[in-house]
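All chains, please: the whole structure from these sequences, using the hints.
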Amino acid sequence: MLTSDNAFSTALALILSMDSALISIVMLSLQVSLIAVFIASLIALPVGAALALWRFPGRNVVIVALNALMGLPPVVAGLCVYLLLSRAGPLGEWGLLFTPTAMVIAQVILVLPIIAALTRQQIEALHGEYAEQLTSLGLSRRRMMPTLLWDARFALLTVILAGFGRASAEVGAVMIVGGNIDGVTRVMTTSIVLETSKGNLPVALGLGIILLVLVTMINAIAHMISETAKRRLG
Amino acid sequence: MNAYQTPPVATLELDRVGFSRRGQTLLKPTSLCMTGCQRTLIMGPNGAGKSLLMRLAHGLLTPTSGSVRWQGEPPAQAMVFQRPVLLRRSALDNLTYVLAIHNTPRQNRKSQAIRALEKFGLAHLAKRAARVLSGGEQQRLALARAWLLNPKVLFLDEPTSALDPAAIKAVEDAVLEFHHSGTRIVMTTHDLHQARRLADDVVFMHNGELLEHTPAHRFFTAPTSSEAGAFIRGELVW
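Protein sequences, first through last, are from chains D and L.
Residue 234, in the working numbering, is where the first sequence stops; the numbers in between run on with no holes.
Residue 472, in the working numbering, is where the second sequence stops; the numbers in between run on with no holes.
Every clue listed holds true.
Residues from chain D shown here face chain L by an in silico Cβ test under 10 Å; the list is partial: (1) 131; (2) 132; (3) 133; (4) 135; (5) 136; (6) 143; (7) 147; (8) 150; (9) 151; (10) 153; (11) 154; (12) 231; (13) 232; (14) 233.
What follows is a list of derived Cβ distance ranges for each label pair: (15) 357(L) with 68(D): 51 to 59 Å; (16) 368(L) with 9(D): 53 to 61 Å; (17) 216(D) with 258(L): 49 to 57 Å; (18) 395(L) with 42(D): 37 to 45 Å; (19) 184(D) with 346(L): 52 to 60 Å; (20) 316(L) with 169(D): 43 to 51 Å; (21) 67(D) with 368(L): 36 to 44 Å; (22) 357(L) with 142(D): 33 to 41 Å.
Computed list of chain D residues with no C-beta within reach of chain L, every gap over 10 Å: (23) 17; (24) 43; (25) 46; (26) 59; (27) 75; (28) 86; (29) 93; (30) 158; (31) 179; (32) 182; (33) 193.
Because the hints were derived from the structure by calculation, they are not lab data.
Here a beta-carbon is modelled for each residue, glycine too, at the ideal position from N, C-alpha and C.
Following this line, the structure appears as structure tokens:
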């Protein structure tokens with residue numbers, strides 16, 4: 001019978017053992033999610049800011065689509081990337097299926113709408129406050145973008161964290177396009193699924209605890225940064 | 235009119251400028267000409283259209299009818315708002331920011347910004363976050379920022395309405411300083427005493443309509459419109 005007690009001791013034992021397989025799983029998880037969030041941010045921050053600043057036909061359609069995509073089921077994103085990258089697919093020649101790169105691509109697709117949609121909201125609110133002053137200073141919309149993105153930086157840090165939360169927690173997409181191959185594409189979430197299905201519940205729970213701790217630590221650091229900054233900058 | 239030896243400020247001409255939004259007329263067609271280095275005070279009760287008129291003149295809003303024209307090149311302009319909009323950065327960085335967007339060479343920005351802070355008595359607050367400064371300090375920082383833009387026309391929208399007397403004095407001194415350096419002042423206020431202290435000429439507005447534009451001495455002694463008369467006597471006009 002599984003008790004939380006032996007799950008914690010298993011988790012602790014797992015961490016203390018510094019098992020190289022475990023470390024490589026943890027590192028790959030972080031690597032895939034962080035790279036995905038980084039790439040998604042590079043695209044989504046300017047896209048979200050542009051959506052906040054420009055009015056164009058079809059803008060509302062784009063906003064609704066982005067909001068809807070925030071809830072895109074990871075398995076669907078995984079399936080789409082799978083179809084693209086599979087041998088018979090349009091990008092099959094690249095040979096990316098079942099590689100960490102494929103996992104990054106799938107997570108970028110999952111994270112990008114979240115960051116873009118939330119960035120749009122943040123920048124629109126800030127623009128409401130700054131618009132007259134920046135227009136008075138003679139700034140065009142294009143030149144307002146960097147100012148607004150920089151001045152919203154702490155709110156946007158939270159936005160990026162929301163994206164990271166999604167990336168690090170999902171299992172459907174990385175499972176399909178990564179394949180959970182031991183030592184190549186096995187990450188924490190896919191290991192948890194595997195260990196659970198093997199009935200190896202203490203290990204699964206131990207991995208879950210490590211994942212939680214890591215995510216909590218990253219969020220705590222970001223929270224501390226943004227709180228100190230808010231207190232200093234008002 | 236202009237006692238100071240500075241290049242003349244281009245004339246601003248508002249030709250039957252009107253503004254309406256969602257079928258509601260907020261400003262009836264208004265013609266107004268601003269020349270020279272005058273201190274023009276726009277007065278009137280709340281909702282008279284003072285701020286609207288100023289935003290149209292500054293170009294923040296586009297009129298729905300009529301036109302706003304500068305004779306010649308539009309001069310450098312700046313605007314100070316009722317509630318200063320300061321960036322989420324230090325006081326100094328707020329100033330170097332405007333220098334940067336106006337292409338001042340990087341090596342000169344900091345020294346110019348510090349000089350402006352000193353001029354407005356803010357040097358000791360350079361490193362403080364702009365948005366945690368007091369109301370009066372924030373407004374002085376907004377004025378320092380406007381100073382760096384070297385405006386020929388300075389618009390001020392009720393810049394002292396939320397400030398205590400000492401801070402009001404500092405803002406009024408700054409306005410005079412701008413005027414001495416050859417800047418035309420266009421300012422809204424509903425404070426009669428302030429208008430008496432500062433105005434060369436007065437634009438009086440009521441219910442989205444310009445009722446008169448007269449030299450200050452005449453406005454305060456013999457206003458032509460009955461609403462302005464009532465306003466000066468301190469009666470409630472609406």
